[in-house]
Amino acid sequence: MSVDLPEVIADRRHLHGLQATMLSDQQLTVTDKFGLRNKGFHSAPGSEEAEALPVPATLLIDESGKVVWIDLSADYQRRSDPSVVLAAMEAHFDIAGH
Amino acid sequence: MEGRGSGRAAVKPMKTGTKIALVAAVIAAVTARYWFYLAAEVSLPADRTGFVIAFLGAAALGVYALIKRTSWLGAIPAVFAIVVGAFLPFTVSISAQIVERDSVIEVGDAMPQFTSTDGQGQAFDSASLNGHLVLIKFFRAHW
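First to last, the sequence lines map onto chains A and B.
Residue numbering for the first sequence is 1201 to 1298, as defined by the numbering used here.
Residue numbering for the second sequence is 31 to 173, as defined by the numbering used here.
These aren't lab readings, by the way, just hints derived from the structure by calculation.
All clues given are correct.
As a list, the in silico DSSO-like pairs of lysine-lysine whose alpha-carbon atoms are at most 27 Å apart:
| id | chain 1 | residue 1 | chain 2 | residue 2 |
| --- | --- | --- | --- | --- |
| 1 | B | 167 | A | 1266 |
| 2 | B | 98 | B | 42 |
| 3 | B | 45 | B | 98 |
| 4 | B | 167 | A | 1233 |
| 5 | B | 49 | B | 98 |
| 6 | A | 1266 | A | 1233 |
Short, incomplete list of chain A residues facing chain B, as computed with Cβ under 8 Å:
| id | residue |
| --- | --- |
| 7 | 1222 |
| 8 | 1230 |
| 9 | 1231 |
| 10 | 1256 |
| 11 | 1258 |
| 12 | 1260 |
| 13 | 1267 |
| 14 | 1268 |
| 15 | 1269 |
| 16 | 1293 |
In this text, a Cβ means the ideal position worked out from N, Cα and C, and glycines have one as well.
Bound-form chain A, shown alone (with noise of 0.2 Å):
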């Protein structure tokens, strides 16, 4: 989820072979139900179509649609670390039945 356009992500897309579904959230209408809009920053430098940027946040969601885990970032340049998401997921998530 970011605040990309369409033809940004599937630019990105293509130039890293990312996997994962990349959604393009340029009003920042999910990220204000997930209530991750940082209110810090009214311009989205190098993104210049965008109103503001989200906090920078993993989130682990169970079958269930529960928020089993939150990685919330103090600081807009910096994003989850790999070891960490995967160790949440190995705790939170029974990974040998998926």
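Following the hints, position chain B against chain A.
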């Protein structure tokens, strides 16, 4: 002052203004270097008063050095201190690395249902995630 006219003409004493200019340039350079180090480490402090004081102090020292008169070469560190010291507080005051938010989703909450658009322009409905383990990432943008 001291040393002038002492007969040791080979070594010209440094003008007071030049000395001040060098001190100002060192303060500006060290503070700037520390600032960019913290920025790279993404650990800029919320309170930047110290940085602003150091930069403005360096700029003020640079101006003072020029008033006290420097040698021709001594003007270079003075101008450097003024430029760095006057410009960087602006950057320091506006650069925001810390995010602000009020309400936020919490562990135990139900995932909000949403619709969106993927990279191919296809509509996406979060209902398609029901019954699955899901990892959702929000990130700033491609840059």
